[in-house]
Structures are given as structure tokens and as C-alpha cells.
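Colleague: In order, the protein sequence lines correspond to chains A and B. Heads up, the first sequence is in our numbering, so the first residue is 1 and it goes up one at a time. Heads up, the second sequence is in our numbering, so the first residue is 1 and it goes up one at a time.
Hints should not be assumed to be uniformly reliable.
[What the hints assert, rightly or not] Label pairs and their calculated CB-CB ranges:
hint	chain 1	residue 1	chain 2	residue 2	range
1	B	L341	A	T15	20 to 28 Å
2	A	R12	B	A300	38 to 46 Å
3	A	E18	B	G369	57 to 65 Å
4	A	G76	B	D76	12 to 20 Å
5	B	A300	A	G41	34 to 42 Å
What the hints contain is simulated information worked out from the structure, not anything from laboratory work. All of these numbers come straight from a predicted model, not from anything done at the bench. Quick reminder that beta carbons are idealized off the backbone N, C-alpha and C, glycines included.
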Amino acid sequence: MTIEVRIPTILRPYTAGEKLVSAKGATLQEVLNDLELNYPGMGERLIDESGLRRFINIYINDEDVRFLAGLQSAIGENDSITILPAVAGG
Amino acid sequence: MSLPPLVEPATELSVDEVRRYSRHLIIPDVGMSGQKRLKNAKVLCVGAGGLGSPALMYLAAAGVGTLGIVEFDTVDESNLQRQIIHGQKDIGRSKAESARDSVLEINPYVTVQLHEVRLDSTNVMEIFADYDLIVDGTDNFATRYLVNDACVLLKKPYVWGSIYRFDGQASVFWAEHGPCYRCLYPEPPPPGMVPSCAEGGVLGVLCASIGSIQVTEAIKLLAGIGDPLVGRLMVYDALEMTYRQVKIHKDPNCAVCGVNPTVTELIDYEAFCGSISDSAAEAAKDSTISVRDLKSMLDARDRGEDDFILIDVREPGEFEIVAIPGAILIPKGEFLDGSALSGLPTDKRIVLHCKVGGRSAEVLAVVKGAGFSDAVHVGGGVLAWVTQIEPEKPTY
Ligand SMILES: [Zn+2]
Chain A
1 MTIEVRIPTI LRPYTAGEKL VSAKGATLQE VLNDLELNYP GMGERLIDES
51 GLRRFINIYI NDEDVRFLAG LQSAIGENDS ITILPAVAGG
Chain B
1 MSLPPLVEPA TELSVDEVRR YSRHLIIPDV GMSGQKRLKN AKVLCVGAGG
51 LGSPALMYLA AAGVGTLGIV EFDTVDESNL QRQIIHGQKD IGRSKAESAR
101 DSVLEINPYV TVQLHEVRLD STNVMEIFAD YDLIVDGTDN FATRYLVNDA
151 CVLLKKPYVW GSIYRFDGQA SVFWAEHGPC YRCLYPEPPP PGMVPSCAEG
201 GVLGVLCASI GSIQVTEAIK LLAGIGDPLV GRLMVYDALE MTYRQVKIHK
251 DPNCAVCGVN PTVTELIDYE AFCGSISDSA AEAAKDSTIS VRDLKSMLDA
301 RDRGEDDFIL IDVREPGEFE IVAIPGAILI PKGEFLDGSA LSGLPTDKRI
351 VLHCKVGGRS AEVLAVVKGA GFSDAVHVGG GVLAWVTQIE PEKPTY
């Protein structure tokens with residue numbers, strides 16, 4: 001299924017500036033694979049050898065996937081995904 | 001969730017104070033008792049910069065009795081686009097003193113305590129001990145993790161906010177009642193991966209949008225009214241003009257507030273966050289030239305005695321503000337994603353520079369890794385160039 005993904009400012013260079021992109025997948029892992037296919041280089045900014053990078057949070061609707069099933073979290077028809085990296089500006 | 005008031009009420013408000021705070025006093029939820037609690041409250045603001053400016057001004061106007069300010073920097077002209085607690089006449093002054101003067105101008109009934117030090121593991125516990133609540137207006141990861149851990153260890157609420165370009169985030173971290181900052185982000189990003197406001201810019205008024213959320217939450221906690229922003233992250237998008245919320249869970253595996261914490265005392269936060277990545281530090285070792293070296297090389301190139309390519313790895317908007325003559329622009333991102341590498345000349349030495357030298361060191365590691373072993377970068381970047389070679393040019 002196709003769902004909507006919100007791309008944070010710092011990753012928009014990979015999506016030619018697009019804030020909202022579509023991606024396909026039944027799990028978060030599949031969605032991220034699809035993102036990497038369409039926007040090469042983005043996957044590496046989100047994931048390292050040990051899984052989701054510790055300063056990147058991904059939400060399915062308003063739930064942090066680290067408190068769901070992580071990369072194996074299931075994606076439903078009307079879900080939306082938000083990627084939020086840590087920023088420290090002040 | 002609602003929480004009891006953080007502060008006991010002061011014994012009384014003077015006639016002058018009643019007149020000053022009348023618009024608060026007639027709100028039933030605040031009333032005399034709420035205002036007396038604010039009068040008795042001690043709030044510490046870490047930083048008197050972008051977020052600290054509106055936070056301190058509204059905390060002062062609201063009648064918070066004691067305001068502490070941690071700040072060691074001086075006012076720079078480039079601060080005034082957003083740091084509204086300082087003015088033109090304050091350029092070059094201590095930010096702490098400038099902020100104190102503004103606070104007292106707004107409300108002479110506030111007691112201001114200045115802490116003109118760089119906050120670190122050796123002084124944070126002593127400084128925080130006196131205060132009921134900490135408002136975070138800092139601009140770097142190391143200080144944010146330091147403030148968080150100290151607040152967890154001291155069981156104090158930590159009113160947090162963060163801004164970048166048109167985006168802001170805010171929350172209240174309080175391990176006694178919910179998650180802490182490490183529950184949200186267990187580790188900082190590696191240096192160079194997330195740009196700062198100095199690198200990426202920030203819309204000035206965004207400070208007010210997020211700073212006002214922080215003050216609102218501070219007042220609610222002090223007076224014990226409403227639902228605090230504990231366990232929730234507020235995400236503001238100025239371009240869309242939307243506020244969205246996501247949940248923050250208390251992480252049972254959190255290093256500082258979890259079931260079996262591994263951080264039970266303060267650590268070395270500079271080492272934890274790093275100011276430059278290990279690979280960049282390794283690449284820059286023995287491959288850093290000064291701006292004076294660069295000037296000699298450029299002069300020799302003009303005479304036909306040297307040949308190299310000078311690459312500015314900053315963003316186009318920065319290049320437009322000021323640039324080193326003879327430099328070509330290829331932003332850092334094009335090296336990180338690999339797209340710039342194929343276009344690099346193999347018969348010339350590569351010389352990299354950025355604003356101050358951090359980004360060019362990151363790119364140096366990438367370029368050397370791609371086989372350009374004689375590449376170098378310019379220590380101090382374009383800011384050092386302007387200071388030492390072309391002082392008539394602008395800085396930012
Ligand atoms: Zn925690």
C-alpha cells in the first residue's frame with residue numbers, strides 16, 4: 001500500500017526539497033527500502049548496522065516506532081509516517 | 001495529566017504588585033494564590049540567546065520572583081535578528097548583564113541572579129540546586145544532555161525547546177512524572193550530521209513561537225494549572241502554520257532515568273557529543289593549512305607557480321554573503337552523497353574550506369577516503385580569512 005511520509009528539513013536535499021513524499025510497504029522496513037530506492041542515500045541517514053539511528057525518531061501517526069515493533073512495525077492503510085531527527089538549535 | 005503546584009505561595013503581594021498583575025489575578029485559575037506562587041518561584045534559564053530572550057522577558061513580566069541566567073557570551077550584531085532581549089547599544093557587552101538590565105526594565109520586582117560561566121559537569125549541580133525549574137535555551141547537544149542528566153539527578157523539571165530554520169519542537173522532561181530527553185533521543189547525532197542554526201539558519205521569530213510555549217509550560221508547572229507538556233512532543237511548522245503532537249514514552253531502558261540506569265552521575269558531555277567526528281579529526285591531522293598558507297598558495301597560483309582547486313563546501317546562501325576569491329562552491333551534501341566525487345580533478349591538489357573548519361574537515365575525510373590523499377582543508381575557514389586577510393569583508 002502507498003502511504004505518506006513527512007521528510008524533515010535536514011533530509012529534504014534527498015527529495016529535491018519535497019516535504020511530503022509517498023512510499024510503499026507493509027512494514028516500516030519496506031517503506032524505508034522504498035524511500036531509499038526513490039531517494040538514494042536517505043536510507044543510510046536513517047539506519048546503521050544496528051538498526052534505526054539513535055538520534056532519529058520515526059512515528060507512525062503519533063506513536064514512536066521504538067515503542068511499537070521498530071523496523072518491523074506494521075503499516076496500515078490510513079497511517080502516516082513522520083521522521084524527526086534531533087536538532088539542538090536555540 | 002495534571003500535577004500539583006511546584007511552588008508554595010509567597011505570604012503576600014504588595015499593593016503595587018496587585019496593580020501590576022491584575023490581569024493575571026482576575027483569571028480564576030491563577031488568582032492571588034497562583035500569582036503568589038510565581039512570586040515565590042525560582043526559575044533558571046540556561047542561555048540568554050534565541051530561546052532565552054523571549055523566555056526571560058515573559059517570565060519577568062509574568063512576575064516570577066527569581067530569575068537565574070546562565071550565559072558567558074557577549075552580544076554580537078548577528079544575534080540581534082532574533083535575540084530581542086538585547087539591543088544595538090548592547091553589542092560587545094556581556095549577554096548576562098544585558099539580559100539582566102532588560103529583565104529589570106520590564107519588572108523591577110524580579111531578583112536576577114547571574115551565572116557568567118560555561119555550564120559543565122563541575123558546576124551544573126551547584127547552580128541548579130537553588131532553582132525550582134530549568135528552562136533550556138542552549139544551542140548545542142552537549143549542553144542539552146548535560147542539563148537533562150542534571151535535572152534527572154536533581155529530580156527537577158526541564159522545560160525544553162529546540163529550533164531550526166522554520167521548525168521548532170518543545171516538551172517538558174521530568175523523570176519523576178514522565179520521560180526525560182534521553183528517553184526521546186538516547187544519543188546525539190555524530191558531529192556534522194545535523195547542522196546547527198549557525199550553519200543552517202533560523203527564522204528569528206521562531207524563537208518567540210517556541211520560547212512562548214516554554215514560558216507557558218513553566219508558568220503552568222509553577223502554579224499547578226492545566227495539563228503539562230509531559231510525555232508529549234509539540235512540533236511546530238511555521239511554513240505550514242501547524243502544531244502537531246507525538247507521544248514520548250518513558251523508556252525503561254533509558255540510560256539515566258530507566259530501570260537500571262548506566263548514567264548515575266554526570267559524564268564528559270563534550271566527549272559524548274563530540275565537536276568533530278573521529279574520522280574528520282583523523283583526516284584533518286597533518287592536513288590543515290592556515291589562511292596565510294592559503295593566501296601564499298593563491299598568490300603563487302596567480303603567478304603560475306602552483307596549481308590546485310579551492311572548494312568552498314558551505315551552502316549557496318552563505319557563499320553569496322562572503323567568499324574567498326578563487327573558490328568554487330560545492331556544498332558538503334554533494335560530498336556526503338558521493339555525487340561531487342566524480343567531478344573532482346585528479347591532476348590537481350584539492351583544498352577545502354567552509355565557515356570555520358568543521359564541515360571542511362568532514363568533507364576532507366570523505367575526499368581522502370575516495371583516494372585524494374594529498375587533499376587539505378583550511379583551519380578557521382572563511383571567518384579566519386576575513387579576520388586575517390580581507391578585514392573589509394562581512395562576516396556572519
Ligand atoms: Zn529517560
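Colleague: So which of those numbered hints doesn't the model satisfy?
Modeller: 3, 4
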